[in-house]
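Protein chains in written order, with the working numbering: chain F, 1 to 391; chain G, 392 to 702; chain S, 703 to 1231.
Careful: at least some of the hints might be erroneous.
[Stated by the list, open to error] Which stretches of chain F does chain S cover? Using the computed rule of at least three CB atoms under 8 Å from a CB of chain S, they are:
| # | region |
| --- | --- |
| 1 | 198-211 |
| 2 | 216-222 |
[Stated by the list, open to error] Using 35 Å as the maximum straight-line C-alpha spacing, the simulated DSBU-like pairs for lysine-lysine come out as follows:
| # | chain 1 | residue 1 | chain 2 | residue 2 |
| --- | --- | --- | --- | --- |
| 3 | G | LYS654 | S | LYS806 |
| 4 | F | LYS189 | G | LYS487 |
| 5 | G | LYS654 | S | LYS926 |
| 6 | S | LYS1146 | G | LYS659 |
Keep in mind that the hints were calculated from the coordinates and are not lab data. It should be emphasised that the depicted structure is a prediction, and the values quoted were computed from it without experimental measurement. All residues carry an ideal CB built from backbone N, CA and C; glycine is no exception.
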Amino acid sequence: MAQRVGMEVSLAIAEAVKLANADVVAAYPITPQTHIVEHLAALVADGELDAAYIPVESEHSAMSACLGAAATGARAFTATAGQGLELMHEVLYVASGMRLPIVMAVANRALSSPLSIWGDHSDVMAVRDTGWIQIFVENGQQAVDNVLCAFRIAEDHRVLLPVMVHLDGFHLTHVIEPIFIPDQDEVDKFLPPIQYPMPLDPAKPMTMGAFNPPDIYSETKKAQQESLIASKKVIFECWDEFNSVFGRQYSPIEFHHGEEAKVLLLTMGSFSETAMDTIDRMRAEGRDVGLIRLRLWRPFPFEELRQAVRNAEVLIVLDRAVSFGGPGGPVCSEIRSALYNVDKKPKIVGFVGGLGGRDISAAGFEEIINRGIEISQAGSDQEFEMYGVRE
Amino acid sequence: MMDNIITIDERSVTEEEYFVSGHRACVGCGEALAVRLACKALGSNVIIANATGCMEVVSTQYPHTAWRVPWIHTLFENTAAVASGIEAGLKMLHRKGRRKDKKVYIVAMAGDGGTSDIGIQALSGALERGHDLLYICFDNEAYMNTGVQRSSATPFGAATTTSPVGRESMGQYTWKKNLPAIAAAHDIHYVATACPSYPFDLMDKVVKGKETKGPAFIQILSVCPTGWRCSPELTIQIGRLAVETGMFPLYEIEDGEYKLSVKLPELKPLQEYFSLQGRFRHLSEEAVGEIQARVNRDYSKLMEMAGIDKN
Amino acid sequence: MTKAEGILTWRDIELGSIVTEAGNSIQYLTGDWKSQRPIYFKDTETISPCEMHCPINQNIRKWLSLTQEEKLQEAWEAILEKNPLPAVIGRVCPHFCENNCNRKDLDEPVATKAIEQFLGDEALKRKWSLPGREIQSKAQKIAVIGSGPAGLSCAYQLGREGYKVTIFEEFPVIGGMLGVGIPEYRLPRNILMDEIESNILSLGIEVEKNVRVDNTVLKEILPKFDAIYIATGAQKSVRLNIEGEDAQGVISGLDFLKKINLGQAVEIGKEVIVVGGGNTAIDAAHSALNLGARVTIFYRRSKKEMPAIESEVEEAEKAGVNIQVLTNPVKILTQNGRVVGVECVRMRLGEEDESGRARPIPIENSNFNVETDMLISAIGEEIRADFDNSIEQNQKILIGETWGTVAAAIKGGGEAAKQILSYLTAGKRIPLAEGEQRKVIEFKDLNLYYFDPIARQSRINDAQAAAKEADRCFDCGTCTVCGNCWLFCPDSSVIKTNNEFQFNYDYCKGCGICAVECPRGAIYIKEEE
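So here's chain F without its partners, still in its complex pose (with noise of 0.2 Å):
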């Protein structure tokens, strides 16, 4: 029977690596991801898991290094924060086009400069092209599951794409959580061992990576863009068959009294823990609204989005990164393209918020629907508003 167990989430997460098994551990650095490479390191050390684990010399090795390892059928994994994931921007996209199945664990920081090592979600959405399959985490559990699941969805011969589990630097990764870890056996039952198709093999010698001229390029991405689509429905059965094994379920979008309610926020990661205190907290008060928490990033969840507010008149996008001199929060401008054509829509209003570990505030989130229904009736001369900056 699994154990319930008061974790920091980086050592938790490191634990469902444990389980999973993994051959090859590429690890660099970086603030606030360390806890979850050092734990790595000491569970090798110890010998619970049998691993090879590279101290590789940068980030971008270390994703390089994945790769490697990945093309031999092993199962690789590597974690990465902010500038890290930015050094590695390029290996990011060859491991998607190359169809690895590489898992990354992504503590969200804000990007330098100036220098910040606090979470916000600027390097997340600075890798939205690169073609990995990415999910968001809200608390120490959901990481520890989704961590597991990645590895499945990834080597899953219909999907073959690297996933990133996003989580919240510092505000997951250093908090110790309940969190139960669940039994070798049972996630033995529920994650089988890798069998990369087409592997690195002097028995089956192939070329891996040729080079694309102009007149095929388009074909290979368009089977890559097919393939990033194909795998929503293996990501949804695979959350299903986690639910029938460890009882705990995982949807695209999840709600907390979002499905009905007549004005919704909607955010991702972290925040949305502290959100559903703040809806109780209105509802409470009589007030209609709800909270959708986006989970699948990539691929985006058109279907489910739209549903998801068919019935709303407002729907209130929190941002925690901004494109800068464009539309504001990306996640904003997503949701605003995937409703354009739908002719029965709600207003959206975007705010960009808890910048470099700036909290916010069960309150504040009140202050942030509040004055999200105030623009949606008045309008507003700004394309978004960042809030809680000292004016």
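For chain F, the structure is supplied; the task is to place chains G and S on it using the hints.
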């Protein structure tokens, strides 16, 4: 399975080609020949990680490939890191019993740009971590594939497109980075330089490198008729002159000990080497003299390190 | 993987740009790129300097190559294609092969002459028999007038084809110049006779000695033969055409040597002067020295222009013969019809004359006298006019020329045989074809990196020494399947089939590395049309 053998001068070379015809290397490409010979020495039981560069571009234009061994390309500067991952992955798969094949040799192949400049970090990391792999740098002394731009392996005085000759410039103004010394500084067991003009020496060194436990590094001079502006039929001759003039000495560093591979009673004058290549044509007598002095000095130092008396 | 038209759709993409068909780049024929192509010379397309300068044009590369492998009998058989007298040639030839051997520019020429001698001697020692001979299978009969090298060679070539040949020789010994003109120390009599017997007469060739065929005899024998070859050579010594030439004690070099070789009594002076610079002069001088005389050679040009074999000149001088160059006799001084001295002038060298050598010009008022009791004149040989002009019209009769060397005479005899063959089979003599232009392999065509200097063998006494020396042969222009071309091709466009290499023009880009790295110049580059 017995390979067919061709005997040349009492040496056996496999007839098997692992880098086959149909690749799009330039006419007379020294690098293609170096790769072909290296692959004969490596055999079929290898996995090759290959950087962006001439070889990758000429040999793997989708849907064709000139490689008959498993081969992966990722990016430009990360070949050593990818090779490290392959090594680790294979090690674990063998250890966990999920792969039954015998030991597979892992070889990273990259050019001078991808090794000496942008790839030096990944190389250093891989060497320091002690992965069991062979890293071969195919050195054609510039970024040839992108149009002959200088690298830190471009020799002093050579003209390239980013170290051109002009009123204010006489070409490359720095001396070639000493990659073997850098590799040896990582305390690895085997470092060597080679050149396809000395084909058996090259193949022997590749075998030695592959069999070395831990990391091994070989730098192979690859004559580039296109970039060096020399006649394609002289590729072997020019490679030989590079060695005979001391511009590119052939040696090994085994556990820190230097060993010269080719005994040269005296160095041929550099002018013999320069005169065949357009990239050196602009050099004044004075400049050649300066380079000659440095080459002589460096070669003397090398002989000293190899424990060879100058007399 | 591809559709019928060869166009890939996105559904054809396997995972991320993976090519599963290893080495399928061979579908792309880079051979289309080339603007020039390498071609291996065929054996018949090149000629090495040795072969070119050999008067017999022997395929020296072939038999040296067989000697390298110690296939001595096969090497000997290769010589016998064109030359039935290797033991002889290996002793008397001026070795133009060695003088022009490409190896001389690296270290020293291959000792081809010594190897030829060794092979000839081995054949005699081991009694090797002639390969593929048809003895007397044909009905036709041929008469050869003269048993010198030309006649012997012609008889040999015809005899091999199965024809009945009869040689008519005016002297009691056969061999012509070989028998009477070249001294024993240069060409031992027993070797000469042994080789003539083994290699030539064993074909069933008849010899009628002591028969001088003049006009009358010729008319007699004409109806008895189907073809006649006149190979009498140059029997007559060229006269000095100076006063006193017919005095006693003045003799031609040819006559002097003939007498010695025929075992006749020959008078020898104490102070002998020999006039001339060719082999006859040297042979006569050396022979006179051996008979106890003090000998001086007068030659009108300088040492450099002497046509005699250099080594023979050196040996004669070492033995004690004096050579006075730039000296020409103008009058023989006699007393009572006997020579007592000779008046000479000093000469100087002027511009080139018709022979390509500097013209000798007498220096005015430089006359001087020398005492002598015997003068041997050896300034050249010419044809003795034994027959009248009518024979020139008769198709049945082939008149031979004269040649300056035994080797050239052997070639001449061989070519005569070819002409007679065509006359006998086709009814008329076909003029010999020019032969295609062959590429002469020069020193610069070789790649010297692949050859180390090796000392020349001082003696060729046994098979190992012969093989070792033959191994020094560069094999100019001949592919020895060394493998360099295969090894150095960046495009793997050289393929080995059976025991030779071939170019795969489907992929060859024409870089030319193979041609440069071929040690022997066996590959040439041709521009594409």
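Are the Cα positions of F/LYS189 and G/LYS487 separated by 35 Å at most? With Cα atoms ~19 Å apart, F/LYS189 and G/LYS487 stay inside 35 Å; holds.
Please work out if G/LYS654 and S/LYS806 have their alpha carbons no farther apart than 35 Å. 26 Å, holds
Within 35 Å, alpha carbon to alpha carbon, are S/LYS1146 and G/LYS659? 20 Å, holds
Take the C-alpha atoms of G/LYS654 and S/LYS926, compute the straight-line distance between them, and say whether it is at most 35 Å. Violated. G/LYS654 to S/LYS926 sits at ~75 Å, over the 35 Å cutoff.
Count residues of the region 198-211 of chain F with a Cβ under 8 Å from any Cβ of chain S, then say if the count reaches three. It holds: at least three residues are needed, and the region 198-211 of chain F offers 9 whose Cβ sits within less than 8 Å of chain S.
Coverage of the region 216-222 of chain F by chain S (three or more Cβ within 8 Å): It holds: at least three residues are needed, and the region 216-222 of chain F offers 5 whose Cβ sits within less than 8 Å of chain S.
The structure does not agree with numbered hint 5 stated previously, though it agrees with all others.
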